[in-house]
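Peer 1: These protein sequence lines map, in sequence, to chains H and W.
So my numbering is basically just the index in the first sequence, starting at one, shifted up by 39.
So my numbering is basically just the index in the second sequence, starting at one, shifted up by 2.
Chain W residues, not near chain H, derived (Cβ > 12 Å throughout):
id: 1; residue: Met97
id: 2; residue: Asp123
id: 3; residue: Gly129
id: 4; residue: Ile144
id: 5; residue: Leu153
id: 6; residue: Lys155
id: 7; residue: Glu183
id: 8; residue: Thr191
id: 9; residue: Asn210
id: 10; residue: Phe261
id: 11; residue: Arg263
Below, a list of computed lysine to any residue pairs in the SDA-like style, where the Cα atoms sit at most 25 Å apart:
id: 12; chain 1: W; residue 1: Lys410; chain 2: H; residue 2: Phe348
id: 13; chain 1: W; residue 1: Lys369; chain 2: H; residue 2: Val341
id: 14; chain 1: H; residue 1: Lys130; chain 2: H; residue 2: Gly69
id: 15; chain 1: W; residue 1: Lys317; chain 2: H; residue 2: Ile194
id: 16; chain 1: W; residue 1: Lys386; chain 2: W; residue 2: Gln325
id: 17; chain 1: W; residue 1: Lys411; chain 2: H; residue 2: Asp343
id: 18; chain 1: W; residue 1: Lys317; chain 2: H; residue 2: Ser198
id: 19; chain 1: W; residue 1: Lys389; chain 2: H; residue 2: Ser335
id: 20; chain 1: W; residue 1: Lys272; chain 2: H; residue 2: Leu181
id: 21; chain 1: W; residue 1: Lys386; chain 2: W; residue 2: Gly356
id: 22; chain 1: W; residue 1: Lys389; chain 2: H; residue 2: Ser336
id: 23; chain 1: H; residue 1: Lys357; chain 2: W; residue 2: Asn78
id: 24; chain 1: W; residue 1: Lys204; chain 2: W; residue 2: Phe297
id: 25; chain 1: W; residue 1: Lys386; chain 2: H; residue 2: Asn182
id: 26; chain 1: H; residue 1: Lys311; chain 2: H; residue 2: Val266
To spell it out: a stretch of chain W is covered by chain H in this simulated footprint if at least three of its residues, at any positions, have a beta carbon under 8 Å from a beta carbon of chain H; those stretches are:
id: 27; region: 303 to 317
id: 28; region: 321 to 333
id: 29; region: 342 to 348
id: 30; region: 359 to 371
id: 31; region: 382 to 394
id: 32; region: 407 to 416
Derived by calculation from the structure, the hints in this document are not laboratory data.
The structure displayed is predicted, hence computed values, not measured ones.
Even glycine gets a Cβ: it sits at the ideal position worked out from N, Cα and C.
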Amino acid sequence: MEIIIEEISKGHKLIGRHKFSQRSVTLGRGYQSDIIIADPHVCADHLTFNFDGEHWYVTDTDSINGSFLENSKHVVKQQIVNSGDVISLGKSQIRVFFPNHPVEATATFSPFENLINIARHPATIAFSIALFAFVTGYIFYLNNGKEVTFTQLLIPAISMTLMFALWPAAISVVSHLTKHDARITSQLGICFIFFNLMWVSDVIERFVQFNVSSQWPLMWLIAIVPVGLTFCLFWFNCSIGFHTSKRRRVAVSVGLTVLLFGGSELIQLSKKPEFNPRPQYNAILMTPNFNITASSSVDEFVEDSAELFKNTTLAIDKDKD
Amino acid sequence: MKGIIALLLITISTLCNATEQAETIFKQLAPSLYQIRLIDKASGEKSSIGSGFQITRDGLIATNYHVISGYARHPNKYKIEYLDNKGKKGTLELMSVEVINDLALVKREVTEDMPFFAISDSTPSKGEELFSLGNPHDLGMIVVPGTYNGLKKESFNDRIHFTGSVNSGMSGGPVVNAQTEVVGINVATSGNQIGFLVPHDKLVKLFNAYKISPPTSIDEQMLAQLTQNQEKLISTLLNSEWQLKQLGEGLIPTVNVPFIRCWGDSNADKADALILTAVANCTLEENTFLSSHFFTGFLEMEFRYMQAKELSDTKFYTLYEQQIKRAGPANKARKEDVTEFQCQHDVVKPTLNGIKNKAIFCTRAYKDFSGLFDILYLAASIDKNDKALLSHFTVAGVTQDSAMAFTKKFMESVTWK
Numbered sequence: 040m041e042i043i044i045e046e047i048s049k050g051h052k053l054i055g056r057h058k059f060s061q062r063s064v065t066l067g068r069g070y071q072s073d074i075i076i077a078d079p080h081v082c083a084d085h086l087t088f089n090f091d092g093e094h095w096y097v098t099d100t101d102s103i104n105g106s107f108l109e110n111s112k113h114v115v116k117q118q119i120v121n122s123g124d125v126i127s128l129g130k131s132q133i134r135v136f137f138p139n140h141p142v143e144a145t146a147t148f149s150p151f152e153n154l155i156n157i158a159r160h161p162a163t164i165a166f167s168i169a170l171f172a173f174v175t176g177y178i179f180y181l182n183n184g185k186e187v188t189f190t191q192l193l194i195p196a197i198s199m200t201l202m203f204a205l206w207p208a209a210i211s212v213v214s215h216l217t218k219h220d221a222r223i224t225s226q227l228g229i230c231f232i233f234f235n236l237m238w239v240s241d242v243i244e245r246f247v248q249f250n251v252s253s254q255w256p257l258m259w260l261i262a263i264v265p266v267g268l269t270f271c272l273f274w275f276n277c278s279i280g281f282h283t284s285k286r287r288r289v290a291v292s293v294g295l296t297v298l299l300f301g302g303s304e305l306i307q308l309s310k311k312p313e314f315n316p317r318p319q320y321n322a323i324l325m326t327p328n329f330n331i332t333a334s335s336s337v338d339e340f341v342e343d344s345a346e347l348f349k350n351t352t353l354a355i356d357k358d359k360d
Numbered sequence: 003m004k005g006i007i008a009l010l011l012i013t014i015s016t017l018c019n020a021t022e023q024a025e026t027i028f029k030q031l032a033p034s035l036y037q038i039r040l041i042d043k044a045s046g047e048k049s050s051i052g053s054g055f056q057i058t059r060d061g062l063i064a065t066n067y068h069v070i071s072g073y074a075r076h077p078n079k080y081k082i083e084y085l086d087n088k089g090k091k092g093t094l095e096l097m098s099v100e101v102i103n104d105l106a107l108v109k110r111e112v113t114e115d116m117p118f119f120a121i122s123d124s125t126p127s128k129g130e131e132l133f134s135l136g137n138p139h140d141l142g143m144i145v146v147p148g149t150y151n152g153l154k155k156e157s158f159n160d161r162i163h164f165t166g167s168v169n170s171g172m173s174g175g176p177v178v179n180a181q182t183e184v185v186g187i188n189v190a191t192s193g194n195q196i197g198f199l200v201p202h203d204k205l206v207k208l209f210n211a212y213k214i215s216p217p218t219s220i221d222e223q224m225l226a227q228l229t230q231n232q233e234k235l236i237s238t239l240l241n242s243e244w245q246l247k248q249l250g251e252g253l254i255p256t257v258n259v260p261f262i263r264c265w266g267d268s269n270a271d272k273a274d275a276l277i278l279t280a281v282a283n284c285t286l287e288e289n290t291f292l293s294s295h296f297f298t299g300f301l302e303m304e305f306r307y308m309q310a311k312e313l314s315d316t317k318f319y320t321l322y323e324q325q326i327k328r329a330g331p332a333n334k335a336r337k338e339d340v341t342e343f344q345c346q347h348d349v350v351k352p353t354l355n356g357i358k359n360k361a362i363f364c365t366r367a368y369k370d371f372s373g374l375f376d377i378l379y380l381a382a383s384i385d386k387n388d389k390a391l392l393s394h395f396t397v398a399g400v401t402q403d404s405a406m407a408f409t410k411k412f413m414e415s416v417t418w419k
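For reference, chain W alone in the conformation it holds in the complex:
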């Protein structure tokens, strides 16, 4: 019995010891954790806040791109400020960004060497306890414990699945292991104890590239990253297996990659519907944030099979036309970001297979990222009197070559059974 008590006491004391250790370390690091604020110059008020953490002794701070995106897109309208644990404020300079993984490096002026967060060399093991840190309110540092759950399977760009409640002001804050080494950066939450982190290696890569040569223009840096990412995405898609799946009497392609997920629905339960409709929808469930009004890097494919039930062909086709009249892009963009869409249409019949489509192709160009376009494609079969197959995709932020290659592949993949 004594032995057991002794054992328990020892365990408790070591536990306390570990917590105490962590506490002291966090206390040490508190000066390196900041609240990052975007200040609207005209009104002098903050327009968004997030967290950031120092990664060098000379004042380089890592945060999320989306925290400072307002400044990156409109440097004249905003300035970036930090607020440290003592309540001191200062201006930050934007050094480098990584829009695909939502990272940014900003720099404060320091007079003497400061403590900073060390970045881990290794990936955590599944189930390892991690601490998400942030400075969301004017309360100083917040520590949220949670568990490492590996990388999110369905993501094209890696994200760590973290079980713990990351809240919005903690965006850009570090997630550390028990040794207070950074293993990830808070980026998003999916509610209910599910948080997503950017893996530390993305930050290491950005930091190393910055050390070699800091970017000359943030816009050019963003353009290069967007172009590279779309190339990676489209070539991955084109080189993956396109499985043909049956939808009604049509055959539709589904790309065999984990990051594109498909959902389906139909109105088979509605006895009074004039047209039987079955819909399959496949999307890339992530996109790239450029500003709160401008998203890109998105891909969506939709297929719709329709069959008339005791309906004249003319009426079937009239209702069919109503279905395709109002297609829109899936990504948000404003006048300052993109041009208006320009469209073409034609009757197209792929040589290899037997479907005749009215095909519509629309594109708009990005104003600040030249060479990138949003694409909207829509094809309606016009060779069966009482059946129709609608195939549609939208893809955001691709080059002309990628768009044309993808369109060709997509058009040739849709057919009748």
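Chain H with its partners taken away, still in its complex shape:
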């Protein structure tokens, strides 16, 4: 029976794969071995596999550092090998398979694969990066109280864009380091599409906050849009960069989202003074054509304020506790 021997890393990632049809296979540092392992802790003649017609046996050929099957503490001596067994020798590891070893079901293309294909198209990437840079420059222009020239806007636009490009680049580096495809173009494309979606969600949030009164009960719905978008971005990052199970991908994305928003929330909390003498209010203003809701009357507004008097009075007792 044929035997397949895989050289694997400590993290069980594949380094090399060999298939043999002979009845005996030798492993070692020596050049006469069938599989040559360049590990100084492995002997020239370290390990032998033999086939007796029915089973494959593994034997340590009196090596100095020994060979161990799975996690056992005993040096292997004429032991039956099962498909999928991992053997440690020196600081290296090998894994043994037989041709009849079952394989996982074929991974289907995710429905988002199409989107990713569009995202990594050079035209899409160029467009979304340009759009991002334009919006950044425009926001800088809007917030500047003085007259600004085009070149003055270029610097913040380009530097912000470069800064935001660091994230997809970092993910690509990590996936490359973990023996996955870097897929930098897909990462760039997806990230900038999402960064632009964040601008859109910003505008929507401002629009809603501008139009509704503080009495509107669904404000939290608007506040979670950016959280949702961030989760989706991380999910795409994971699915492009790493082959993992669905559950793991969701868990990692949730973790990163919580880290990002929870972290910034924590920082804000830690900066918050014990007592803030200034009021915190919604000061969002947009041009008149964005105002679509009906206005309240003065009486309604003044009556609504009764609630505030009640709440601050209640806050007195809360502060005393």
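Once you have looked at the hints, place chain W on chain H.
Peer 2: Chain W only, in chain H's frame:
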């Protein structure tokens, strides 16, 4: 010639006589003039000093509220002491306060009847010479001569304008006429020979009320005074004429009362400004001192007209938003005094006039004076693309009813031309 010399001699001698008289009287009264010290119990050192004067033979002493405010707010942290002209010290007990007019009555123990200051029955006449007395340092009594200049016109609560250099340690000291009758109490200085005094009738009122029934709790007494004062202030304002004045293309209200004064400014001289801005600011130029970290009784109204000069609407509104982002209260207060602000906002259009505002209303409650609040209101017009009118007021230490009535009146008074 002889006649003239004789006349001169007589005049000089009478003048000397008058001064001598005053001197003897002041000497007599010196034991009734004290330095009032607030002693921090933990460190045993004085944390503030002022002056005070005895007004009854059994040891009742009048001083400024702000001299003993530390004790009134934190009776466990401080004690009040007096230092008399002989250098003798003793403890004082706080009997009654009047925070609006910055007065307090404290009492020392006396073994026998003592001389005391008589309070005048009448107001001085303009130009009359007065003597401000105090015991600011450990030097004993100081006498500062000055002139009575009538009541300060712009004040909501009466103050005497006194020309003479009142310095800070003299706070709480009496101001007497040539007959050594108290006509006022030193309270504040505006530098350069301008001093302000609390008129004697405020002290008479406090003293009479004390004689009838001394207050049971200083905090409750203060609350009643603050509540009464804000009611007086807000109802005076609401019952006064609100004149509409033009600010750019907006119409803003100015209340026609002398104690609210308005100032204006604009950036019309700055050619490179992107937005033409004109500001009008009207304030009540006095406030009520509760402690060195807590002031109330203040009112401020601010209006800002803005017009874009060759600017896109979006940029105009972005810069406009930056203007309204960081409004704060005008009065100082700390965590132990007030809660944090709570706010609401809405798009509001008064039915009578044609301005559409984003209105923001914030309030915080007073912890020790229940029923009193600080209010901050801010409205930004959102119905013109290249023009904006910002209307804003803050008012400190008002009841809910006063706040709501004032807010309503204010909101309905701002409009476009």
